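Visitor: The chain contents come next:
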Amino acid sequence: MGILLRLPTSEQKLVKQCRKGDSRAQRDLYERFAPQMLTVCRRYVRTIEDAEEVLSNAFIKVFNKIDQYTGDGPLGGWIRRIMVNESLNFIRYQKNLFVEVEEENHSQFAHENLSDQLNADHLMALIDELPLGYKTVFNLYAIEGYGHKEIGEMLGISENTSKSQLSKARKNLQKKLEQGKLLYKEL
Amino acid sequence: MKKENNPIDEVFKRGIEGKELKPSVAVWEKIEEATASSDSRKGGFYFMRAAVVTVLVGLSSWMYLSNNDIVDIIEPETNITNIIEANDKNEDEPKGTAAKKNDPKEKKEENKDKGNDKKTEKKNSKRKNITPLIKTRVSPSSLYVVNDLEIADESSLYDEEPLIMAEDLKVNEKSKPKKFKLKYRVPVTQKSFYADKGETQKENKPKLAEKVFAYANDQFTNLLNGEPLELPEVPETGKPQLEINIGKLFKNN
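Heads up: the protein sequence lines correspond to chains A and B, in order.
Going by our numbering, the letters in the first sequence line up with residues 1 to 187, in that order.
Going by our numbering, the letters in the second sequence line up with residues 188 to 440, in that order.
With the rest of the complex left out, here is chain A (with noise of 0.2 Å):
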């Protein structure tokens, strides 16, 4: 089986021709994008399988909106504003399936070993594990960058709520880093 060498296309030449519905540029775009986009989006909900759900429609929404890029701002922002939204979609869905039990949530990931103290898997468990409205928060102010105003427009709720939610993730986060240094310690 031959592997066909292809240069890497240029981000405009990828836009373009998936505004022509090539599904050749889509696949590429999707394959270039999709990684990255998939750990956004499992920041913000509770299992992988939620954030493939949200994935896969967040993909959809770009190739249909594709025309909607001007190309005001790089690809990837675009592109993850789009994850951010269908994210937030989601657990408003959820929110309205069943009742919202804010508890700690108990991460799938191991943050046992030393080494991976500070890596991104242990990083991204400890966020895991805030309540929902900490988490969206902090994710949506501390990773992504968005203002309070934009959170609360976001969000349905105010800033100070924004705040407020803000700085409870902090101490929560800050208290279990130290949690985790202070084990290091002792061992």
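For the record, the hints were derived by calculation from the structure and aren't laboratory data.
Note that the structure is predicted; figures quoted are calculated from it, not measured.
Treat the hints with caution; some may be incorrect.
What the hints assert, rightly or not - Partner residues aside, some chain B positions facing chain A, computed with beta carbon under 7 Å:
{"#": "1", "residue": "D196"}
{"#": "2", "residue": "F199"}
{"#": "3", "residue": "K200"}
{"#": "4", "residue": "K206"}
{"#": "5", "residue": "E207"}
{"#": "6", "residue": "L208"}
{"#": "7", "residue": "I218"}
{"#": "8", "residue": "A221"}
Cβ atoms here follow ideal geometry from the backbone N, Cα and C, with glycine treated the same way.
Go by the hints and put chain B onto chain A.
Guide: Below, chain B alone, put in the same frame as chain A:
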């Protein structure tokens, strides 16, 4: 600076940055399926346009054909002989409502069928020797009448007498009526007064029309009252005069 860089935020942001998770194959399959169904632009471009054209052609030809019975297009003239033959039998089958058209406009074969009028048939049967040139059309499917052209003269629909066009009647050049000049006097009566206000009889000589009207008005009043009519007197002169004998009309005398 918008926001201060909180150390916790930084730790997490930098730590997670660049982290990738591999999506399962099912994800792409789902995306592909959804976008393929909505994205058949290239093939669809000409297909849709061709479909639209076909539909339009089909629609217009259907409409044309439904408006024109194919029978109408072929030999309407033969139907007139049918009418004449039918009259002899003196049928009593009115074929739909009468909407006879002798419109010269209807040279086009676009109209729907009309029925035979009972009265036309009866008249035709009485005067067997005379076959009036009345154009009617009998078509096989005479169960309904639809009129989708505007009739110039709508009152013709309600006429009991069939319309006979002048061109159908052969007018003889020789038989034109002679023209006569009539002179007559209308008696001036006292009962009626003339239309113009503020004018007396003496000031202005009344016009003929006014005189006639006043005379007629008076006689009508007489008629209603049962009084004898005042007929106009014709002075005797040497010139030949035309006598209009209206006395017979009013048999009061």
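Visitor: Compare the structure with the hints numbered earlier in the document and write down the numbers of the violated ones, lowest to highest.
Guide: Of the numbered hints given earlier, the structure breaks none, since each of them holds.
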